[in-house]
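Participant: Join the two chains into one complex using the hints; note that each chain is given alone, in its own frame.
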Amino acid sequence: MSQIFGNFADLTVQMVIMWIIGGVMIYLAIKKEMEPTLLLPMGFGCILCNMPNSGMVHTLQILFQAGVDNELFPLLLFIGIGAMIDFGPLLADPKLLLFGAAAQFGIFFTLSMASLFGFELRDAASIAIIGAADGPTSIFVAQTLQSNYTAAIIVAAYSYMALVPIVQPFCIRLVTTKEERMIRMDYTPGKITQTTRILFPIVVSLIASLVAPDSAALVGFLMFGNLLRECGVLRSLSECAQNVLANLVSLLLGLTVAVRMQAESFLVPETLMILALGLVAFMFDTFGGVFFGKFLNLFSKKKVNPMIGAAGISAFPMSSRVIAKMAREEDPYNFILMQAAGANVAGQVASVIAGGLILAMIGPLV
Amino acid sequence: MSINIGAFISSLKYMVEGWLGIFIVMGIIIACIYGLNKVSDRIDSHANQKDS
Numbered sequence: 001m002s003q004i005f006g007n008f009a010d011l012t013v014q015m016v017i018m019w020i021i022g023g024v025m026i027y028l029a030i031k032k033e034m035e036p037t038l039l040l041p042m043g044f045g046c047i048l049c050n051m052p053n054s055g056m057v058h059t060l061q062i063l064f065q066a067g068v069d070n071e072l073f074p075l076l077l078f079i080g081i082g083a084m085i086d087f088g089p090l091l092a093d094p095k096l097l098l099f100g101a102a103a104q105f106g107i108f109f110t111l112s113m114a115s116l117f118g119f120e121l122r123d124a125a126s127i128a129i130i131g132a133a134d135g136p137t138s139i140f141v142a143q144t145l146q147s148n149y150t151a152a153i154i155v156a157a158y159s160y161m162a163l164v165p166i167v168q169p170f171c172i173r174l175v176t177t178k179e180e181r182m183i184r185m186d187y188t189p190g191k192i193t194q195t196t197r198i199l200f201p202i203v204v205s206l207i208a209s210l211v212a213p214d215s216a217a218l219v220g221f222l223m224f225g226n227l228l229r230e231c232g233v234l235r236s237l238s239e240c241a242q243n244v245l246a247n248l249v250s251l252l253l254g255l256t257v258a259v260r261m262q263a264e265s266f267l268v269p270e271t272l273m274i275l276a277l278g279l280v281a282f283m284f285d286t287f288g289g290v291f292f293g294k295f296l297n298l299f300s301k302k303k304v305n306p307m308i309g310a311a312g313i314s315a316f317p318m319s320s321r322v323i324a325k326m327a328r329e330e331d332p333y334n335f336i337l338m339q340a341a342g343a344n345v346a347g348q349v350a351s352v353i354a355g356g357l358i359l360a361m362i363g364p365l366v
Numbered sequence: 367m368s369i370n371i372g373a374f375i376s377s378l379k380y381m382v383e384g385w386l387g388i389f390i391v392m393g394i395i396i397a398c399i400y401g402l403n404k405v406s407d408r409i410d411s412h413a414n415q416k417d418s
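Respectively, the protein sequence lines represent chains A and B. For what it's worth, the working numbering labels the leading residue of the first sequence as 1, then goes sequentially. For what it's worth, the working numbering labels the leading residue of the second sequence as 367, then goes sequentially.
Calculated directly from the structure, the hints in this document are not laboratory data. It cannot be assumed that every hint is accurate.
Said to hold, decoys possible - Under the rule of at most 25 Å between Cα atoms (straight-line distance), these lysine-lysine pairs were calculated in the DSS-like manner:
{"id": "1", "chain 1": "B", "residue 1": "K416", "chain 2": "A", "residue 2": "K191"}
{"id": "2", "chain 1": "A", "residue 1": "K95", "chain 2": "A", "residue 2": "K294"}
{"id": "3", "chain 1": "B", "residue 1": "K404", "chain 2": "A", "residue 2": "K95"}
Excised from the complex, chain B in its bound form (with noise of 0.2 Å):
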């Protein structure tokens, strides 16, 4: 088991890439829990309208 600085410091870029990627995905998926809330809202007050 050896230190190896040089393998580190090109690793650095997974670590910011990794992260960054992750914080994009969950944006992603959050504005897309908000659009589904607000679709299903629409076709649920519709099928109560439908039923009544």
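Next up, chain A with everything else stripped away, as it sits in the complex (with noise of 0.2 Å):
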């Protein structure tokens, strides 16, 4: 009987907390249909992982050392995301590569902020860097410069990114007029060529590992992934890419780092205070991309609807969509989902290279 029920003794209020915390990731994941492929296996494995004596911990932990710690589970993810990409938009306009970089400004707005209340350097940064909306560039930055607080970070980012559909049209409102959400913008696409779609991504991997070497990893894996979608002879590479590889990472990505949200590290203060600057920081990208798209209006002659600023954060397809459907909520003849579409995959370049450049500078230091 003591075998039985000895581990009952073991028990802790904070474990019977962090199995809500999982059964509300679940929740989110199945009825919410948020992130579900990754707050599913984090919720579940967060339960497991916060019994007592659980040996789930142990089998994680391998897990953990083997993909997480050595930052392989999101370069690996990244090949997938590559592949999924589809840069016409941009191409065809690249002028919109400015949105995405306008849309960085809540990294390092909240890089500040975190060092005001406190954070050590490098925990600053790799909570900073969950403004990037990309949960894989979130884990790698945070691993690389070994934050205390991987877990909440990666959380916070997983969550953020499901909750774009409610912050950033809070966030829009809060700073434009319904007549700027209305100015509609003319699609003329340009022709690209195959042969633009191959260089990109190799262009585009040579100058970031020549400006940052830090991002040559992320970014050199991402637009492989591009590569193998765009050369048009790895028809089955690139749909392996797509959906086998992303999936099977996605999965053990999420079990694994619920290795990491075990009460003790948890449940602490600072778990809150991550929390809360993660929003600071998906809130000041949104405003960032927005006031940029203002700031073009005083000077150039063809308007820019200020709400495809907000798309320049990297949550791919979803900020685009949301963009699209407020847009056409104000006017139902306004689409603006290709102009949306091009600044939310100069996002996705912009939020690699962010990274990048927060290893460049903070990585020495720490």
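Facilitator: What follows is the structure, given as structure tokens:
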């Protein structure tokens, strides 16, 4: 009997709180369909890792060392993401890359805010990268800088990505007028040759590797995935990367990350602070993109709908869909999906480069 | 958790450098895309001429 019930004595209130958190994640994944590929395994893993004397911890620790400690899983996931992205709208209108740059403001603003609230520089930089709206980049940067709060950062990154349809419309309405949201934009797609599509990932990898060598792995894997997609001779590998590889890595990543969600390290005041700062990063990313659109309108004859600036965050393709939907809500005949999609893929590139720049600036100091 | 004004002020440097840095990298990529579009147009038209 003591063997059967002995474990009950080791159960703590904190563990039960973690079960509730895991349960909420599973609920959000299934009922609200919020990032289910990650929130469901994370939620389930969270519950199992918070059992007294759980054997799951040991198993997941092995996976963590094999795939997250050495940044392998996020990089492999990037091959899949690269294979999923169509850079066509961006290549047709390269100026949209500037929106991607503008919408990274939240990352650098949050870096300063996290420093203000007493986080070490390595943790402040890792928290800031939540604003990249890009899970693999967040994991990569937090692990490379050896942050003490990797789990909270990953949970915040994926949670806020799932909350884009709630956070972004609120922020956009806060800083734009109805007239601005109704601005129509002509879309005249330029002709993009296959040669351009093939050379683009190679050239971006070269530039990023030269400017921010720390981003070479991130950008390189992302662009390798895209090259698989665009080369036209590796259809089966491209499909494998988009579906099998991305799903398999997401599955393992979600479960593995849960090992860092043990009550004693997760239920600390800093976790709440990180969640709050992550929200600040997302909000200021959105503000940065929108204000950049407004800034361009001061000089440009062709007005830009400032909402597409908000799509410059990397949450692809959710952000561009949200922006296009908002435009149609204001004016049913306003179609800005292609411009928003262009800004959105620009955000994907910009967020990875932002991660590389953070590593280049902060890495040598920690 | 304590307020650290000194760390905040020194981190402002990273805020400015980082954000500007992304604009510079993006500027380089934009220039490259325009260049790529021109080069690939030439390559493709050259290939088409050969084919015909």
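Participant: Of all the hints numbered above, which does this structure not satisfy? Sort the numbers upward.
Facilitator: none
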